Amino acid sequence: MSRSGARSPAGTSCWTRWGDDIVLNFILRRIAQGAALIVAMSMLAFVAIFALGNPLTALINPASPPEVLARASHELGLDLPLYAQYLRFVFHLLHGDLGTSYITGEPALGLILSRFPATFELTVSAMLVATVIGIPLGVYTGVKASSLLGRTIGSVTILLISIPSFWVGLALVIVFGIELRVLPTGGRGQTEAWFGIQTSLATWDGLRHVALPALNLAVFPLAVIIRLTRAGVQECMGAAFVTFARAKGLAMRRILFVYVLRSVAVPIVTVVGIVFGILLAFSVVTETIFSWPGTGRLAIEAIRGSDRPVIIAYLLFTVCIFIVVNLLVDIMCALIDPRMSTQAQG
Amino acid sequence: MSGSAPDVLVVENLRTEFRGSNGVVAAVDGVSLSVRRGEVLGLVGESGSGKSVTGFSILGLVEPPGRVVAGRVLLQGQDILRCTEAEMRAIRGDRIAMVFQDPMTALHPLLRIGAQMIDAIQAHRRLGHREAWVEARDALGRVGISAPDERMLAFPHQLSGGMRQRVAIAIAMLNHPEVIIADEPTTGLDVTIQAQILAQVQKLAAESGTALIWITHDLAVVSSLADRVAVMYAGGIVEQGDVADVLDRPAHPYTAGLLASSPSRNRAARRLPQIPGSIASAHAAGGCRFQPRCGYAVAACGQYPDLQEIRSGHAARCWRIGAISLPETMEAGRG
Amino acid sequence: MIRVYFRSFGGTVGMIIVLALAGCAVLAPVLAQQNPYDLAQLDIMSSLLPPGTVGDDGTVFWFGTDDQGRDLVSAVLYGLRVSLFVAVTATSIALVIGVIAGLTAAYLGGVFDTLLMRLVDLQLAFPSVLIALVLVALLGSGLEKVIIAIVAAQWAYFARTLRSAAMVERRKEYIQAAWTLRFPAWRIMLLHLLPNAIAPLGVIVIVEIASAIALEATLSFLGVGLSVTRPSLGLLIANGYQYMLARQYWLSVTPGVVLLVLLVGVNLVGERLRQMNDPRQQVRP
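Chains as they are written, first to last, in the working numbering: chain S, 1 to 346; chain H, 347 to 681; chain W, 682 to 966.
No lab work stands behind these hints: they were computed from the structure.
Treat the hints with caution; some may be incorrect.
Unchecked claim - Listed below are several chain W residues computed to face chain S (Cβ distance under 8 Å; list not exhaustive):
(1) L814
(2) L903
(3) L940
Stated by the list, open to error - Restraint-style ranges between C-beta atoms, simulated for each label pair:
(4) W:R928 / S:L207: 20 to 28 Å
(5) W:A927 / S:L113: 32 to 40 Å
(6) S:S147 / H:D425: 28 to 36 Å
(7) W:T910 / S:V68: 34 to 42 Å
(8) W:L803 / S:L128: 25 to 33 Å
(9) S:L207 / W:V685: 47 to 55 Å
(10) S:T203 / W:P732: 37 to 45 Å
(11) W:R688 / H:E409: 24 to 32 Å
(12) W:W860 / S:A40: 33 to 41 Å
(13) W:V942 / S:R181: 22 to 30 Å
(14) S:P136 / W:R852: 38 to 46 Å
In this text, all values refer to a predicted model and were calculated from it rather than measured experimentally.
No residue lacks a Cβ here, since even glycine has one placed at the ideal position from N, Cα and C.
Next up, chain S with everything else stripped away, as it sits in the complex:
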């Protein structure tokens, strides 16, 4: 009787289960939503450039002589009807042409893409620091909330969440950069190729340079991760399945690592997605303080210099990344928690 529909334990038949329509449907739906969102963002950007204010100034330096302006106006198709302009805009968008920077004269998108690896490095480093320190601390304070260490960490996180990130940056610069002279406070270190990509994390000098900015960037997400993990774990610990697991005679360690962690995995993954967004936003501040050559610093310079094409390009780029990250987070959640795909409707 046990031969009927014999399948090997766990493992291989997992894919037939995931072959269920439900999860796949959910993922496809989310991808479609993401795409729709990107289209909506492009329309918003279009409106921002072409409908608000003088579109000419968004794309061409307004200080140019009138004939240049007139010619540019024609070239840019500003005399065409609005929908045609939108189509032109999208056409350019798909070809990666988002205008040229006033300040440097380079193509806006190219500028951003060239600076992106630096920001990516910084963001990943900060993310690593925040999760590697944050999740274990969050689990610890969730389990031992009333201990002295637990309560101390709790208070510290409240403090960390209140402080603006630039303030921490300044403090770090003062303490480590100027007083102790341990770590450099500006710029990115030397890069070396790692799997074909130039990254500063591969060199000791690069690591020294990325240390302070990554730490600065990680502070706020660290506090957020600790708080959310702690809340999730606390909720878990009181759950019946923990008591039941104890009744089965399981060791606390196994209960924590397998049962509790699995339960908090979904909220944690969601938190990580949120944190990524925070990192993207705050990278602007950190890059400014530490003179890190990334997209954030580029954006601030563009804003201060009213370099519209770059500003628009930066916004579109950031929003796209945001949407993609959120999509990935949703997909991961659906994979971890089999109930998610049946619950979420759009």
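Position chains H and W against the provided structure of chain S, taking the given hints into account.
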């Protein structure tokens, strides 16, 4: 199934206290009971009587603000309340197992059934994954679950309530424990499913000789399943004895009241009598806890009664044993 | 309820801080030894003096002076004023807009509600810093633009919270009764729905004020916030940044510490209020 079989589990004067904002409440107050090998003991009581806490106290699963403060729990003669946490871990799930009331919350929602069962096995025995898997699958078959191979790979939310509870029972039986404590396992289940599960459990217990403590509020379940019964009220045992004795000839007013208000015994379709009042004020009064609601209370009830033996194996905690008279319909209805 | 609030040590400390600093901000013209905006009072000779130095005319520069000889205590006091003004104004406007939006959405329901909530959810997916940056990028910098940016970043949260609370209230009988009595919509919304739905916002407002303070400080620090003529604490910190390498910390650190204390204070108050309203938290016996 009474007789000369030795006691597997003996609880002596167990007392568990909860510290609350109103002071200290003894949820379990001087409870003593015992089960023999292969015997089914029904622990009956209403919500708030402390029957679930008794079960948790035996296994050392009472969390703060609760604490076991006094008493002994003898498993094959050894007092397990004195054990270290590591020793208790070895006992839980292996020598004493527990079935929880709500399998939906007791089973982890994100882990497959098979994984949770294999966990229970591997916590106590050095068994390879393959062998553990086979044992778990066979256990599922024994509790009457069809297509056990597929069920092993399922998640709890994919099973029906009755099946989930069978899984919980299967988990309890995996390591062939000496005692199983079942905390209202059929509450909330369909009556027909309930009957099936009860029959299954009875068969399993008889086959394996496992002692069973079945906690419930339902007298009908007790009458069909248990060999002996202990009635709890407000943290204390007010009557205990063989099922036939207690249910036919209850000696405590509370037991009588429970029986009288039980619909399944109401053959003449009369209006059901009720026990007036509620359990809430029970702990406040000194003396007999049931006194505020008791129709037989006299002045002597101001003093907490001892457990007095009425006949062999049947005892009740009441000053007025013998004063109880059941309506004729009760006696006539019991065929 | 006030007595219950003060049972918490953290909450009490926070409240003291907030009241003290708010008092300083309001009384700045009285407390400051100098008007930092009045160029006539500045003496370039007393620039970059470290804290504690006594000036020529006997005034003590408790926080030192900046690069133009301004007394930093005065500058910080006025900066505090600006920071608080911007934050409170922006949060209040965001509150009003959010309340109106949330209330209308809850009352009208249907398509309007769905659309609004989609918009709100979309916006809440992005961190407020990013939204504020976007607006400042599109609109430019300056006092009014910063306030608009902060309002844009915060209204969604108020809208959503109020809408949730209002949705719950809307189903209750007294709203049905008012509707049957044919009260005009605005009356039902403002006099019946609003007072009963507003409770959760009390806690949130405080936290959002703290958030607004931090947001404005960040924007000003980055140089895309307020203009130099009326500096907030953030801008003061930014101005002092260049002197840090020369170890003349006080230009940045003094406004920085005041900012920190302010934020901690407000957050403590907000946290205490949240604790008081959280049904799961019980006061430890």
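Mind checking the hinted window 20 to 28 Å against the Cβ distance between R928 of chain W and L207 of chain S?
Holds, at about 27 Å.
Status of the hint placing L940 of chain W at chain S (closest C-beta pair under 8 Å):
holds, 7 Å
Quick check on a hinted range of 24 to 32 Å for R688 of chain W and E409 of chain H, using CB atoms only.
With Cβ atoms ~26 Å apart, the hint holds.
Cβ distance range 38 to 46 Å for P136 of chain S and R852 of chain W, holds or violated
holds, 44 Å
Tell me if the beta carbons of L803 of chain W and L128 of chain S are separated by a distance inside 25 to 33 Å.
Between L803 of chain W and L128 of chain S, where Cβ atoms are some 29 Å apart, the hint holds.
Lying within 28 to 36 Å: is that true of the beta-carbon distance S147 of chain S to D425 of chain H?
holds, 30 Å
Could you say whether the range 37 to 45 Å given as a hint is met by the Cβ separation of T203 of chain S and P732 of chain W?
Roughly 41 Å apart at Cβ, these two residues keep to the hinted range, so it holds.
Holds or violated: is the Cβ of L814 of chain W closer than 8 Å to a Cβ in chain S?
holds, 6 Å
Go ahead and decide if the range 47 to 55 Å is satisfied by the Cβ distance of L207 of chain S to V685 of chain W.
51 Å Cβ-Cβ, so the 47 to 55 Å window holds.
Consistency of beta-carbon spacing, R181 of chain S to V942 of chain W, with hint 22 to 30 Å
With a Cβ separation near 28 Å, V942 of chain W and R181 of chain S satisfy 22 to 30 Å, so the hint holds.
For the range 34 to 42 Å, tell me whether the beta carbons of T910 of chain W and V68 of chain S fit it or not.
Check passed, 35 Å falls within 34 to 42 Å.
Are A927 of chain W and L113 of chain S spaced within 32 to 40 Å by their CB atoms?
The hinted range 32 to 40 Å holds for A927 of chain W and L113 of chain S, with Cβ atoms some 37 Å apart.
Every hint from the earlier list agrees with this structure, and none is contradicted.
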